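Go by the hints and put chain B onto chain A.
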Amino acid sequence: MTTTLIPLSSRPPMKRRGRGTWGLRLAPYLFLFPNMLIFGMFTIWPAINGFNMSTYASSNGRTFKPVGMDNYTTILSDAQFWAVARNTVIYAIAFVLISTVLGIALAVLIEKQKRFKVFFRSVFFIPVLISPVVVGLVWGWMLERQNGIVNIGLSWFGIGEVPWLVDNGWSMVSVIGVGVWMQVGFYMLILLAGLQAIDPTLYEAARMDGASPWTQFHSITLPLLQPSVVVVVVLATIHGFQSFDFIYTLTGGGPVGATTLIVQYIYENGFQSPIRYGIASAGGVLLFVVVFLITIVNWLISRKQEAV
Amino acid sequence: MSAQQNPPRTWTSLGNVRLSDALRGVVLTAGALLALIPVLWTVLGAFKSPTELAARPPAFLPDSWALTNFTEALTRFDFGTYLRNSVLVTILATVLTLALNSMAAYALAKYNFRGKNFLFVLTLATIMIPLQVILIPVYQVVAGLGLVNTLWGMIIPAAATPTGVFLLRQYMLSIPDELIEAARVDGSGEFRTFLQIVLPLCTPALAVVAIFSVMWRWNDFLWPLIVAQSADVYTLPVALARFNAEETVPFNLILAMSVVSIIPVVIIYLFFQKQIATGIANTGGK
Numbered sequence: 038m039t040t041t042l043i044p045l046s047s048r049p050p051m052k053r054r055g056r057g058t059w060g061l062r063l064a065p066y067l068f069l070f071p072n073m074l075i076f077g078m079f080t081i082w083p084a085i086n087g088f089n090m091s092t093y094a095s096s097n098g099r100t101f102k103p104v105g106m107d108n109y110t111t112i113l114s115d116a117q118f119w120a121v122a123r124n125t126v127i128y129a130i131a132f133v134l135i136s137t138v139l140g141i142a143l144a145v146l147i148e149k150q151k152r153f154k155v156f157f158r159s160v161f162f163i164p165v166l167i168s169p170v171v172v173g174l175v176w177g178w179m180l181e182r183q184n185g186i187v188n189i190g191l192s193w194f195g196i197g198e199v200p201w202l203v204d205n206g207w208s209m210v211s212v213i214g215v216g217v218w219m220q221v222g223f224y225m226l227i228l229l230a231g232l233q234a235i236d237p238t239l240y241e242a243a244r245m246d247g248a249s250p251w252t253q254f255h256s257i258t259l260p261l262l263q264p265s266v267v268v269v270v271v272l273a274t275i276h277g278f279q280s281f282d283f284i285y286t287l288t289g290g291g292p293v294g295a296t297t298l299i300v301q302y303i304y305e306n307g308f309q310s311p312i313r314y315g316i317a318s319a320g321g322v323l324l325f326v327v328v329f330l331i332t333i334v335n336w337l338i339s340r341k342q343e344a345v
Numbered sequence: 163m164s165a166q167q168n169p170p171r172t173w174t175s176l177g178n179v180r181l182s183d184a185l186r187g188v189v190l191t192a193g194a195l196l197a198l199i200p201v202l203w204t205v206l207g208a209f210k211s212p213t214e215l216a217a218r219p220p221a222f223l224p225d226s227w228a229l230t231n232f233t234e235a236l237t238r239f240d241f242g243t244y245l246r247n248s249v250l251v252t253i254l255a256t257v258l259t260l261a262l263n264s265m266a267a268y269a270l271a272k273y274n275f276r277g278k279n280f281l282f283v284l285t286l287a288t289i290m291i292p293l294q295v296i297l298i299p300v301y302q303v304v305a306g307l308g309l310v311n312t313l314w315g316m317i318i319p320a321a322a323t324p325t326g327v328f329l330l331r332q333y334m335l336s337i338p339d340e341l342i343e344a345a346r347v348d349g350s351g352e353f354r355t356f357l358q359i360v361l362p363l364c365t366p367a368l369a370v371v372a373i374f375s376v377m378w379r380w381n382d383f384l385w386p387l388i389v390a391q392s393a394d395v396y397t398l399p400v401a402l403a404r405f406n407a408e409e410t411v412p413f414n415l416i417l418a419m420s421v422v423s424i425i426p427v428v429i430i431y432l433f434f435q436k437q438i439a440t441g442i443a444n445t446g447g448k
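Quick mapping for you: the protein sequence lines, in order, are chains A and B.
If you're matching positions, the first sequence starts at 38 in our numbering and goes up one per residue.
If you're matching positions, the second sequence starts at 163 in our numbering and goes up one per residue.
In short, the hints are calculated from the structure, not lab data.
Since the structure is predicted, the reported quantities are computational estimates derived from the model, not experimental observations.
No residue lacks a Cβ here, since even glycine has one placed at the ideal position from N, Cα and C.
Treat the hints with caution; some may be incorrect.
Selected chain A positions facing chain B (Cβ under 10 angstroms, derived; list incomplete) [to be verified]:
# : residue
1 : Gly60
2 : Ser159
3 : Phe162
4 : Val203
In the PhoX-like style, the derived pairs of lysine-lysine whose C-alpha atoms are separated by at most 25 angstroms in a straight line are [what the hints assert, rightly or not]:
# : chain 1 : residue 1 : chain 2 : residue 2
5 : A       : Lys151    : B       : Lys436
6 : B       : Lys436    : A       : Lys154
7 : A       : Lys149    : B       : Lys436
So that you can see chain B by itself, here it is in the shape it has in the complex:
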């Protein structure tokens, strides 16, 4: 605050607050249009026929809002299969992540044992090893296990996320030890205590991990691209990228399936905005 010797009255200062408000509104609206127009254009394109897409100048609205592009992609091409694969991978991977991460987080939050700090640091250190840098050696492991060209080969390798463990551990630290001790005295086994007492209390943190897992897995591309070698195990993004490059599927159908891939994540976002904002603020969302 060194430069406060009588600042000149600019149009942004007190006198003309409304002008700066208006300017900010204009800038933000222009930015919002820039963010939205490509999405809107995609949705409109998903309803157009190949001739409409090739027309110049292009018509803004499609001739009809019939779902023919969607039904054709699902029937004439195998997009039903790719959609099913994507749903399976997303759900199974998320369930697996929640199970593995919450158990590990519970051990790190509520027990004292030898090697605890080492294992915690080791877990966090794996954040620094993204898949992209170990692509070849991970592929070797997956190939050795016979998981290439299977959905499990896409699901398992990234199931143990370090940030999931971190987030859940932080949350579990706030659960009072007395609660767990009381369950023990009541004769509840360690696993039952975890399942029936600790997990239900962690629902908000589990929700954050689940939301990120779903969004990430649904859009995941590089790893499924490597694992899926025949079309029957393609996920939606892999199918879209491959068929777009090979030009084997008409572009209007590609657009329709692109819209199908956008819908679930946008719905999840609109429902869980608050959790997503907290998750990103706490971990940087990775």
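Isolated chain A (complex conformation):
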């Protein structure tokens, strides 16, 4: 390779053959084209068209009737939508709080571990790997009221049958718990990477000054881990607002809609009869606004951090 480099400098660039310059100019566009075509057709155009579609009504996906902002007034006066919005916010907040705190705790504990570090890291990551559909149906089986292993286990401690999936409140607790179980290993891995980037000499210095482990945690670990924590909070929030698959097989959104979140609302309006395409599109636009705001807030926070 090096020998061929030598003639390059002695060679005037203009002498390149016609095919060469032409090819060189066109090449990047040809390389980009297939990827951009797919982006354009299946992401960018639908994103633009999504808002447009939310101003039409359709019950079959073929004939569309322009209705202006009616879908939004309908959705915003729909009691079911507000129940779904409430469920989604409750789920997202609980999910983010619990999985972030638990993720930090697991990462810190595992990082301190001298032996079996890789073992623990792998074990906590396994639930992340499992198909959410399988997570939902397996937990649904384990949380069954009479024959579920969880209630059988609790009965050994004298705790009576908990209505995990049949009571409104308990079913939300189950959905949150299973969501955290499935996802916390992922956040743990991001936080572990953040912990490993912290300079260990800081801890040595703190120990020499006689700082207790708790002092070390909240005056070294937490502040320096903050960028990773922000990433985790953002990812978890977006994940929380978009959860669907494991809930679909765990509770099906029930009992009576107590665990139906926004994506299931969009799915049911769009693809299950009675089909209300416009309502589903409007729901998608509203979800986009929420996700977009979260991203903006995240961007503002990370910029503020850089400025400090």
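Relative to chain A, chain B alone:
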């Protein structure tokens, strides 16, 4: 470090290091059991008969380790087809993603051309538009192309991943320009240079993208659920969710097929832990 005026000696400080070590071990072990028991219970359940599953109190171990649940699911029900569909979708989608993303990444990393920055920002901006929010309009496009109820309808729409482009571009930036220039001088065409010189050097980054693509596609659910309208194009997760809800397939067979769906991703994880950790650290794994 404001609160360092003589911290009280607690049981966690220097004197009793071993006690805190032991406590940490206990907490982590309890957590590990909580993470593992449901998986273990699923695997054990996959070998049990319907009567064993209904027994109370349940027996811990199955009566026999025969694979009857697995063979029955594959023969009496069409799980062979769903498994094949899942494998096809996963492999084809991953190959397509690698091809599209690496070409786009190469253009963005190694060429100067008009509109480059705009196209790069546009690519990254699509991260903010998850499928869930454009479900209906994407379905309209797929329906317009006649791809509803086909495997291609599941494969193509999500093939161009913004994070894949980003990751590969970052990696390609580290390849020296001289190498590409030298190939040009040797008379190698642009595409041949990309294929024979650049791609082989990107193997580590390609591996990361491929691993994430496989894990994600294998478990993907919402989009295949919408596209697959007849059973012959169901993927494994779609079949499991549908048959579990309809209760048309006995639960012991559902459990057996659940285990089948878990095995490949766990194997991939155990082999590629390092790449997965790097990938997540670099991109947040999305």
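How the hints compare with the structure:
no.	hint	in the structure
1	Gly60	holds, 5 angstroms
2	Ser159	holds, 7 angstroms
3	Phe162	holds, 7 angstroms
4	Val203	violated, 16 angstroms
5	A/Lys151 x B/Lys436	holds, 19 angstroms
6	B/Lys436 x A/Lys154	holds, 14 angstroms
7	A/Lys149 x B/Lys436	holds, 19 angstroms
In terms of the numbered hints stated before, the structure departs from hint 4 and from no other.
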